[in-house]
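Below, each chain spelled out in residue letters.
Number of protein chains: 2
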Amino acid sequence: MRTSIATVCISGTLADKLHACADAGFDGVEIFEPDLLAAPESPEEIAALAGRLGLSLDLYQPMRDVEGVDEAAFAAVLRRAEAKFQLMRRLGMDLVLCCSNVGTATIDDDAVSADQLRRLGDLAAGYGIRIAFEALAWGRYVDDYRRAWRIVEQADHPAVGVCLDSFHILSRGHDPAGIAAIPGDKIFFVQLADAPRLSMDVLSWSRHHRLFPGEGEFDLADFTARIVEAGYTGPWSLEVFNDTFRQTDPRRTALHARRSLRWLEDAVAREIPDATTHRGDLSMLPDSAAPSGVDFVEVKAEDTSAIEELLGQLGFTSRGRHRTKPVTLWTAGDARVVLNEQHARGWEPRLAAVGLEVDDAEAVDLRMNELRVPRAYRRTYATEERLDGAIAPDGTEVYWAQAADEGDPAWVGEFEHGEAARETAITGVDHVSLSQPWDAIEEATLFYTAGFALRVDSSTDVPGPRGLVASRVLVAPGSTVRLPLNVAPPILASQRAGAALPQHVAFVCDDVRHVARAARERGFAPLEMPANYYDDIAARFDLSEAAVDELRDLHLGYDRDDAGEYLHFYTRTIGEVFFEFVERVDAYAGYGAGTAPVRLTAQGRR
Amino acid sequence: MRTSIATVCISGTLADKLHACADAGFDGVEIFEPDLLAAPESPEEIAALAGRLGLSLDLYQPMRDVEGVDEAAFAAVLRRAEAKFQLMRRLGMDLVLCCSNVGTATIDDDAVSADQLRRLGDLAAGYGIRIAFEALAWGRYVDDYRRAWRIVEQADHPAVGVCLDSFHILSRGHDPAGIAAIPGDKIFFVQLADAPRLSMDVLSWSRHHRLFPGEGEFDLADFTARIVEAGYTGPWSLEVFNDTFRQTDPRRTALHARRSLRWLEDAVAREIPDATTHRGDLSMLPDSAAPSGVDFVEVKAEDTSAIEELLGQLGFTSRGRHRTKPVTLWTAGDARVVLNEQHARGWEPRLAAVGLEVDDAEAVDLRMNELRVPRAYRRTYATEERLDGAIAPDGTEVYWAQAADEGDPAWVGEFEHGEAARETAITGVDHVSLSQPWDAIEEATLFYTAGFALRVDSSTDVPGPRGLVASRVLVAPGSTVRLPLNVAPPILASQRAGAALPQHVAFVCDDVRHVARAARERGFAPLEMPANYYDDIAARFDLSEAAVDELRDLHLGYDRDDAGEYLHFYTRTIGEVFFEFVERVDAYAGYGAGTAPVRLTAQGRR
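If you read the sequences in order, they're chains A and B. Here the first sequence stands for residues 1081 to 1686, numbered as in the numbering used here. Here the second sequence stands for residues 1081 to 1686, numbered as in the numbering used here.
I should point out that these hints are in silico values taken from the structure, not numbers from a laboratory. By construction, the Cβ of each residue, glycine as well, lies at the ideal position given by its N, Cα and C atoms. Hints may contain errors.
Claimed, not checked - To be clear about the criterion: a stretch of chain A counts as covered by chain B if any three or more of its residues have a C-beta under 8 angstroms from a C-beta of chain B, and this derived list gives those stretches: (1) 1114–1120; (2) 1280–1286; (3) 1326–1336.
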């Protein structure tokens, strides 16, 4: 499978883009015309640069408004096209995208469009060029790929085929099953983009909100499988118009884009039965079960003693100091908190790493390599457990290790001079909330879905006193791992994400009231929830007065859905991190979204 | 006319919001329930604070899902409502907003909803409370204010009336003429919001994109006039859900919001004939003709000599130094550029001020005072022309002065030791492009529309190599003044707006080729446009080869629309500013949008 990407997907000058795409491992690019027009290099210089970088120039795009016009207008089309064909020869290119007419079409007739495409094909063929005709979702008359194919079929010219773009087809809800009717060799090009399902005009949706495969809600595995099964053997090319990717570092975005195609290749390989001839060289990623739990969380700071005091009050046990590093371990049930003072000069406490338990650590390792995810490194000595990890887009280090059969994982034995684990109602980690820079959330989504087989569970906006916090929850199957990813309002964007919006770890308890009460006896002061909040709980839920009084007394948050109840309390924030303690009654699946705005306001007062 | 604002419009804690609204001169507020729930103050303390600040608490909101439900659900509604009525008594409030049912409605029957509102009214009346029923645009059954009014009419209860919200009515395209059918005393409350016309689901549009009056595309003057004519005498209250205003400084946003109501009061006063009794105390702003031209632009820097050299090359005349300040004047035709080195230590050149010519400077002055716009101050001596100005939201100082009948304005006489103005093909200022911080664009729009009667002419996104630049053009009637306001992509947001995206002044010429050629002879080097750009011009327009060669030779941009042609060239950027020279052939109305991306790329190379 060959990979390609439209230069409009990423930022920078055309030369920047070519370098970034080559470095990221793409085989070729689509030249987006405005990028060429703005480039100081001549077409010959661009062709030479691409050649030197090993990139093929796969598609020149777009040529607009070429068919469905009257003869006078078509004469102008041919004149303009000829100039572009000459330009393409200078670039050494042989395929051009013609989109269905949006601006100048006056004739709604397949025969006219077919005739004009045929004559354009004659002109193109003289330059050794082929035309890929694409139905735009908002084309004036031609807005459906099945109609575009009928027109191409009628044009019946060897230099005229179709271009299929997943966005134009799936955004309109058109059934990709019709792709089977198109001979593979008449599919001249394929453009791939994912997108969230948005209710807005399709042009704005297309121009601003496309995503790389795996980040949105389109079924791209099915779409692409149809194309492969139709016999298409050309490149899989990304065309993603996105306001964020247009401004982020092109090298980073190109790697991110390439990773999305590796994910898609895997998904398509799983979609197409082995037996079919079309599957070709498509390769699956190493199988890796999703994580079965959180192995540890690590808080890093120059001085972690305020965190130690807090964990002690909350019933965690100090399990001692690592035998080779300035690192301590605190545990409660299966919750393990590593406090790290190494290489942390000047750091306020922040969530620096998360460890996940997996069934096959080797497979995750291979998978991360295939996805070209940057790797995390921690020095380990011969007598220590190996620590494999990757760096998530927000900078958090994510490690993975074989799940222990029973009891503590082996690495716990590297900590010395600790106490024996105490009984506690805390049983483990419920969720880990990671604050994301606004320009990393899509990349982070792909990191967790492609790397660890998590899936997007829900998205919501949480109103805080300084703006809306966008929250997207990723979960492992069975909710064994839950990662809410939160983006702070942009006015805070110049700060570190964790400083703008603290991160937190939520620990799950059998009896959160007991944990809260025991902590209070050890001197713990929770984040104070306002009295008005409890008046509202009393108005909304039919709880007894005593039950509400108990919530108020312990500063517990409360929520209920059809499946169960949620009780929880928060610590104060230390540096960039705080903790939450939660109890899920029955099958409550949320995160107490009603309490979060109150919590954000209370945190704003600190 | 009394003014009010929902606390959800602005950022901060509830106490912050009350202070900000009082400082901005609002008479009252709507208490948005989540703000109260998150507040540490008791209801009595909030009531006392509001009293001390002179704010009335006009509306408690929202109460959801109260009607169209079965009897079991309605019993829960009454229980919940009673708790809220008790809370409202503690706040000393007597009006609550009930929105049409979105979540729990199962009965689509006016009679049922009317009966339930009547019973809710009975309960409310016992607490001295009235209910304002509002049709949400996305209500499950009740989504039209006319139906809400039918239900209220049928409920026929003195404690039950309607709330009319401009967004819910105008977003759906419902004709506000129906308001005339509602007796004024049954309109219990009015909520006002403007919005851009967006094609998206109405709930997202409402929750994220509302604007203050005068900033969007709704005809709020007409809407509000209908309400006044119906005999409504309650407060005009703003309810604006907007992602930006939720995070900006609440004091600034509250002033901005209050200004929008002053603008609306004027617009409504002009809409309602004098003779009607309903007009009441509505007061117009002082009449002020829109500006008739640009008086001057000012570039400020510690050292302006690089700008002087450039202006000299371009044919401007040095008209000397100001007699009391380190300021020089350069002119060409009616274009006047003031170079200011005062109080500019460490500044790179930036566009610091714009002077506008107006017909009635005194009226603009009064108008700015009424709008409570912050004033600009420049020291002037007894023998000098007075300089009245205001500070635009982006920090640019905007001055206004009586237009001169003929020749130079009087203040030019304050400059000494200059040369006599030379002949030049430059005739004046075509447009001034001001870079805006992303969180100031709406406030800036209101500043220019309310203060100077400009109007929004067009909006577009310009793709640059580092992201999309959002551009909104404000023009005076007759296009005597054109101000494109540009917002840089957010990745650059941590920089000063002008540093992220340079500002520029475009000068208009009779013969831009002559200006370019003459400048070249004086050593001027324009911003270089790439050869590929000219190949595209040759392909797109039927220009002679000689004509394209001349454009290429002079680095001229070229555009054409149905009305005419546009030829222009750019200087290099110095500090945060550059200049453009344009020639408009016939009635071309644009700004060469096709060239802007090429220009942004060329500027990125500097």
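Subject >> Index of numbered hints that the structure contradicts, given in increasing order >> reply: none
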